[in-house]
Structure formats: C-alpha cells, structure tokens
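K.L.:
As a plain string of letters, each chain reads:
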Amino acid sequence: MITLSNIHKSYHTGANNLHVLKGIDLEIKAGEFVSIMGSSGSGKSTLLNILGILDNYDKGTYHLDGQLIQNMSERKAAKYRNETLGFIFQSFNLISFKNAMENVALPLYYQGVSRRKRNAIALEYLDKMGLKPWATHMPNELSGGQKQRVAIARALISQPKVILADEPTGALDTSTSYEVMEILKEIHSEGITIIIVTHEHDIAAMSEKIIKLRDGNIGDLIINGDLASFKKNYAKELQTV
Amino acid sequence: MFDTDRWKEIINVLKKNKLRSFLTAFGVFWGIFMLIVMSGAGRGLENGITQGVGQIATNSFFMWTNRTSEPYQGLRRGRWWSFKNEDVEFIRRHVGEADIVSPRLFAFGSGNNTVRGERSARFHIKGDYPEWDLIDPATVLQGRWLNQVDIDQRRKVIVVGEQVIKELFNVDENPIGEYIRVSGMYYQIVGVVKPISNINMNGRTEESIFMPFTTMQVAYNYGNQVHLMGITAKPGYSAALVEDKVIAIVKERNKVAPTDMQAVSHINLEKQFQQFSGLFTGIQMLTWIVGIGTLLAGVIGVSNIMLVIVKERTQEIGVMRAIGATPRKVIGQIIMESVFLTTIAGYLGLVAGIMLLEGFNYVLEMAVANGNDEIFIKNPEINLTVAIACLMVLIISGAFAGYLPAKRAVSIKPIDALRAE
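Chains A and B, in that order, are what the protein sequence lines are. At the far end of the first sequence sits residue 240, using numbering that gives the first Met the number 0, and the numbering has no gaps. At the far end of the second sequence sits residue 420, using numbering that gives the first Met the number 0, and the numbering has no gaps.
Do not rely on the hints blindly, as some may be mistaken.
To be verified - Partial list, derived from the structure: chain A residues whose beta carbon lies under 10 Å from chain B:
| id | residue |
| --- | --- |
| 1 | S38 |
| 2 | I52 |
| 3 | Y79 |
| 4 | G85 |
| 5 | F88 |
| 6 | I94 |
| 7 | R153 |
As the list claims (entries may be wrong) - Derived DSS-like pairs (lysine-lysine); straight-line CA-CA distance at most 27 Å:
| id | chain 1 | residue 1 | chain 2 | residue 2 |
| --- | --- | --- | --- | --- |
| 8 | B | K270 | B | K250 |
| 9 | A | K78 | B | K412 |
| 10 | A | K116 | B | K14 |
| 11 | A | K208 | A | K58 |
| 12 | A | K160 | A | K116 |
| 13 | B | K412 | A | K97 |
| 14 | B | K7 | A | K58 |
| 15 | A | K131 | B | K7 |
| 16 | A | K208 | A | K28 |
| 17 | A | K97 | B | K14 |
| 18 | B | K406 | A | K78 |
| 19 | A | K75 | B | K412 |
| 20 | B | K7 | A | K116 |
| 21 | B | K254 | B | K244 |
| 22 | A | K184 | A | K28 |
No lab work stands behind these hints: they were computed from the structure. Keep in mind it's a predicted model, so treat the numbers as computed, not measured. Using N, Cα and C, we set each Cβ at its ideal position, and we do this for glycine too.
Could you build all of it, start to finish, from the sequences and the hints given here?
P.N.:
Structural data, given as structure tokens:
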C-alpha cells in the first residue's frame, strides 16, 4: 500500500537548515495497523504529513497504492486526499459553523454527491459512531470524544484505503482515548490501513506494528509477536516509575 | 453552471457567519447608498435650477434707466431720463443683430391699485408688447395673451396673473370678459397666465396685470417714455455684443456720457446662464469625485474584509483541502460568497438609495403643492446606467478582492494552512 524509499525532508527557516527526515525506508502493507512513535522533533508528524500529501519531501520516492506521489499538482493531490486517504487530527479540525452531519458529509460534497444523498450517508456513519442523536449539533456543543468520533466518521465517509491519524487521542482523557482506539480497531478489522502518530505507549501498544523514529531515522521496528514483549517492556517501565 | 447544491452551500456558510456577512455587506451597501444619494441630490439641484429658469430666452438682456452720474454735453449729472419710443424704433431698424425688441412700462404705486366690487388689492401693472411672450413665456391658463390688435387699437384689455383672480374673484366665477378697475380705469380681462420661469422682471408674474404697452402709455400719461427693454440677439450673435452696441446707441441718442456706467442698468441672461452651466459642471464634477471616492472606499472596504476573512479562514481552508477540496473549489467558493454578498448588498443599497430619493422627492412635491416655491431642488434622480455600472465595479472588485487572498491561501502547503492559528 505504502512504500517509502530514502525519504529526506528539511525545513529552512532563514539561515537555519533543519534536516528532519534523513532517509526513511518503509513499507506498510494494505490492512496494517501501524503506529509511529518518537520523541518530539523526531519527525513523526512530518512523516505522517508526507504520507498524507499535506507536505512535500525533498529526496526519495513515495508510492501510495502503486502510484508515485511526487511533484503532484494540487488538484491531483486533492483527489488522492479525498478518495484514498482519511485524516484524523489531534485538534479534530471540524468546521465550526457546520453541524456534525454536515461536517461528516463534507468530503462527499467535494466528490459532487448531492446534498440529500450525502447527508443520508453521513447520518449512517454517525449512527455507526453512536452519534445519530447529535447529528444537528454544532461542534462546540460536543465533547472532545464526540468531536473525535465525528472526525473519524468524516474520515471514513469517502471509504478511504488509508486512515492517517495525528495524535488522535492527544486531546482526550484516557477512557475516551481507549474508546477512540476501539473504534479505530474496528475500522481496521474491516480491512482499512491505519497509521497513527502518538507518543503514548499504551495507545501504540494497541496497534500491530510500531515504528520508532529517532533523529530522522527509523530506530526500532516492533512487529506482531514482538509486540507482546514490548508491552511487557512497557509495563516494566511503568512499574519502575 | 448553475448548481443548486453549491448555492445552498454558499448561503449556508453566509448564514452561519452572520456578523462577518453583515459587515462585508454593509460596506458595499453604504458605498452604493451614498453614491445614489449624492448624485441624486446633485441632479436634483440641477433639475431645480433648470426648471426654475423655465423657458426664458437665454440669449436675452434687459435694460432700464437710472439717474446719470456724469455731466455731458452741458447737461448736469444726476439727471432723470428714460428711453423713448423713438429709441425702440431706432434699435429695431438699425441694430441688425437684435431680434426681438420689446419695450415695457411698469407701475406699482402705493396702496391698492386694483378694485373689483368690494374687493381691492395691489398688483404690479405692466405695459407690454405681444413679443414679450417670446422672451419670457408664461402659460396661458384661460383666454389669450396680448396681441398686435390690442397694441394698434390701444384696447383696454388686460391679461392677469392667477393670483389676481384668486384675490378678486370667487372660485366658481369665470374671470374672462369681466371688468376690473386698475388705477382708476376699467379694463376687460382677456386672459389669465401662470409663470413658467421663476425669474421675475418687475415683480412676480402671478401678481401682475399685463396691458397693451400703447394703452398704458396713453392712459397714464407716460408720453413717449419706455421704462425697460427686453432684447434678444439673433441666432449666431452674442447677447453681450448686442447689449454693448444697444447701450452705446441709447446713451448717445439721450445725451448720456458714454463713460457713464450708472445711467443704464442691465442684466444679461446669457452671462447668468453661462454661470449656471459652470455651476452644473461643477456639481457634476463634484458628484463624480465624491461618487468615485465613495465607490473606491467601498471597494477597499470589501477587499479589506475579504482579506481578513480569508486570513481567518486559513485553517478552515486547510481542513477543506485535507479532506479533498481542490484549489478551484476553494477559490470558487470564496469568490462566489463574496460576489453573492456584494450583489445582494449592492442591490439593497441601490434600492434604499432610490427609496430615500423618492421619499425626499415626495416631501418636496408636498411642499411645492402647499405653495412653497422657494425650493430649488427638484426631482432628485439617479442615472440608472451609472448606478448599475458602479454596482458592477463593486461586484467585480468584490470577486477580485476574494480571489487574491484565496489564491494565496491555496498556494501555501495544506499543512501550513492547517497549522495557521
């Protein structure tokens, strides 16, 4: 599904040149549930933004669903973002003047689906999230967990192949975080590739594979069976504290 | 092109952002409103003055005599003199550039000079030739104006202003053919007139009694005196030129020093009208300067608000792009919102401005109907072509004002837009 090879990315601020990603090689197969971890400044958000075609990269190649993503026109990028990708943000990023249903329906608006039809579909997705009674509520009338569920519904409505989540639980308390993760697991079980960025070990431990970034390189890659030991490791860390 | 869904989306966005929409709309509304009111008021002033002048001959001048201020050919200064019938004849025969030469006698006197039965009043009495009507026409409400037979036969007939009828007759009486006494003699009324112009020579036309010049000269012992002459220039000649020539002639014929500036008073309508037309040009220029200024202020206002709006919406635009809005969709949306808003607001400004002018017009007309004729603003109106052109300019600049910041908002990377606070 996603193949990165030798991805480099630098930020230029005045005379300073900040080399964030220093040659990332990564393959994520369809249907995987991957979390990207790392200390702040390790480049995990940058990596996710590149995966989401929200940002460009300097060197290397990025294939999404077999298609090379490079120097893409904004129009084409918008099409990919709309049809192949779904975004979940830490700060939810709902449109404040649209109600829950309209927010969820927005991606379909850009696909040219009629209002009646897209609102009906949006209601369906809200129902899946258990938010049907809140369909006409504005974002500021919803709790954090509800907002994030609306955002997830919005990410799902265009039936993307990949869900990209940047700290999806960063603004939520623990129990709400776990609820959100349960929803993501459910989505994953339907065969959608999920990539989340997080710095919380317990959240990362719920995924199938953890990519630990260190100074712009991939430090550890903890897969499947190893995950159990990672969990143990994590538990140990917790105990020593 | 017409996409119901898109319009619903636009209206929805505007409805959900009431204050922002209102502020943008108000800038445009105010620009158009002010433009309409300003130029309407300017036009009203012009109309008022133009109509007040009426149909008075604009290539004419009037002259009358005063005491001399210089001794000349053995005659002392401070001498009383007046024009003579012979002067009129001489001018008619020898000044080829003069078209109509209409002499006039006038009297006002003290106390009531006009009597009918038990009613009496004081009016301006004027002895005129029929030609006077070609210089300062009046509307004949009933009967007729003076004619050449009246002059030739020195008939004792009069044409009166409508105020005369109001004061001497009951509403249901027909004045035509009736006799009234004017300064001790009886005259038959043959016509009733109403002024067109509100420029009055020798008193208000509606309060005047017009009799044949020859009748007045004989009846009240004026000899061969002429009090005033109204003269028009032939087409192609300047009234000022004729004026100079005629005044020089009458001075010479009456032994008045050519350098005596006081002895002959004169008013030249041609000069007055040139001043008027200069005034109109000035008003029009002012209207344009103010209009363009107001329009510019409106455009700047819209641009300013659009800039703020797009800045404010950068993050929203980032979200829109992250979930798949193409740049065209984003720019289109913002421009459509801006254009929709400016069009509606501009139209409302147009309507409100016109309604205010109409209301003003109504009040003015009521005031005129109630007999107040001192008002010199009439029919404040607006050139619709100009108004619509201004509205177009506003709409186009509204679109442009939306386009530039929207373009910038989509040219930065979506992630930067998302991060914008």
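K.L.:
Each hint: holds or not?
P.N.:
Hints versus structure:
1. Evaluation of the A:S38 hint against chain B yields a violated restraint, the C-beta minimum of about 20 Å exceeding 10 Å.
2. Below 10 Å, beta-carbon pairs count as interface contacts, and A:I52 has one with chain B at about 8 Å; its hint therefore holds.
3. Taking 10 Å as the C-beta cut-off, the interface hint given for A:Y79 holds, the closest approach to chain B being about 8 Å.
4. Because the beta carbon of A:G85 sits about 8 Å from the nearest beta carbon in chain B, less than 10 Å, this interface hint is met.
5. Taking 10 Å as the C-beta contact cut-off toward chain B, the hint placing A:F88 at the interface holds, the least distance being around 8 Å.
6. Restraint check, A:I94 versus chain B: the minimum CB separation of about 6 Å is within 10 Å; hint holds.
7. Using the Cβ-Cβ criterion of 10 Å, the hint placing A:R153 at the interface with chain B is satisfied: the shortest such distance is roughly 7 Å.
8. Simply put, B:K270 and B:K250 have alpha-carbon atoms about 22 Å apart, close enough for the 27 Å limit, and the pair holds.
9. Between A:K78 and B:K412 the alpha-carbon distance is near 15 Å, which keeps this suggested pair within the 27 Å criterion.
10. At most 27 Å may separate the alpha-carbon atoms for a hinted pair to count; A:K116 and B:K14 meet this at roughly 22 Å.
11. Between A:K208 and A:K58, the direct Cα distance comes to roughly 25 Å. Compliance with the 27 Å bound is thereby established for this hinted pair.
12. A C-alpha spacing of about 22 Å is found between A:K160 and A:K116, which places the hinted pair at or below 27 Å, so the restraint holds.
13. With a C-alpha separation of about 24 Å, the suggested pair B:K412 and A:K97 falls inside the 27 Å cut-off, and the hint holds.
14. The straight-line distance between the Cα atoms of B:K7 and A:K58 is roughly 44 Å, outside the 27 Å bound, and the hint therefore fails.
15. About 23 Å separates the Cα atoms of A:K131 and B:K7, which keeps this hinted pair within 27 Å; it holds.
16. For a cut-off of 27 Å, the pair hint linking A:K208 to A:K28 stands: about 11 Å separates their Cα positions.
17. A C-alpha spacing of about 11 Å is found between A:K97 and B:K14, which places the hinted pair at or below 27 Å, so the restraint holds.
18. The hinted pair formed by B:K406 and A:K78 meets the criterion: a straight-line CA distance of about 19 Å does not exceed 27 Å.
19. Between A:K75 and B:K412 the alpha-carbon distance is near 14 Å, which keeps this suggested pair within the 27 Å criterion.
20. A C-alpha spacing of about 14 Å is found between B:K7 and A:K116, which places the hinted pair at or below 27 Å, so the restraint holds.
21. As the CA atoms of B:K254 and B:K244 are separated by approximately 16 Å, the hinted pair is consistent with the 27 Å bound.
22. The suggested pairing of A:K184 with A:K28 holds, with an alpha-carbon distance near 16 Å, which does not exceed 27 Å.
Of the numbered hints given earlier, the model fails hints 1, 14; all others are met.
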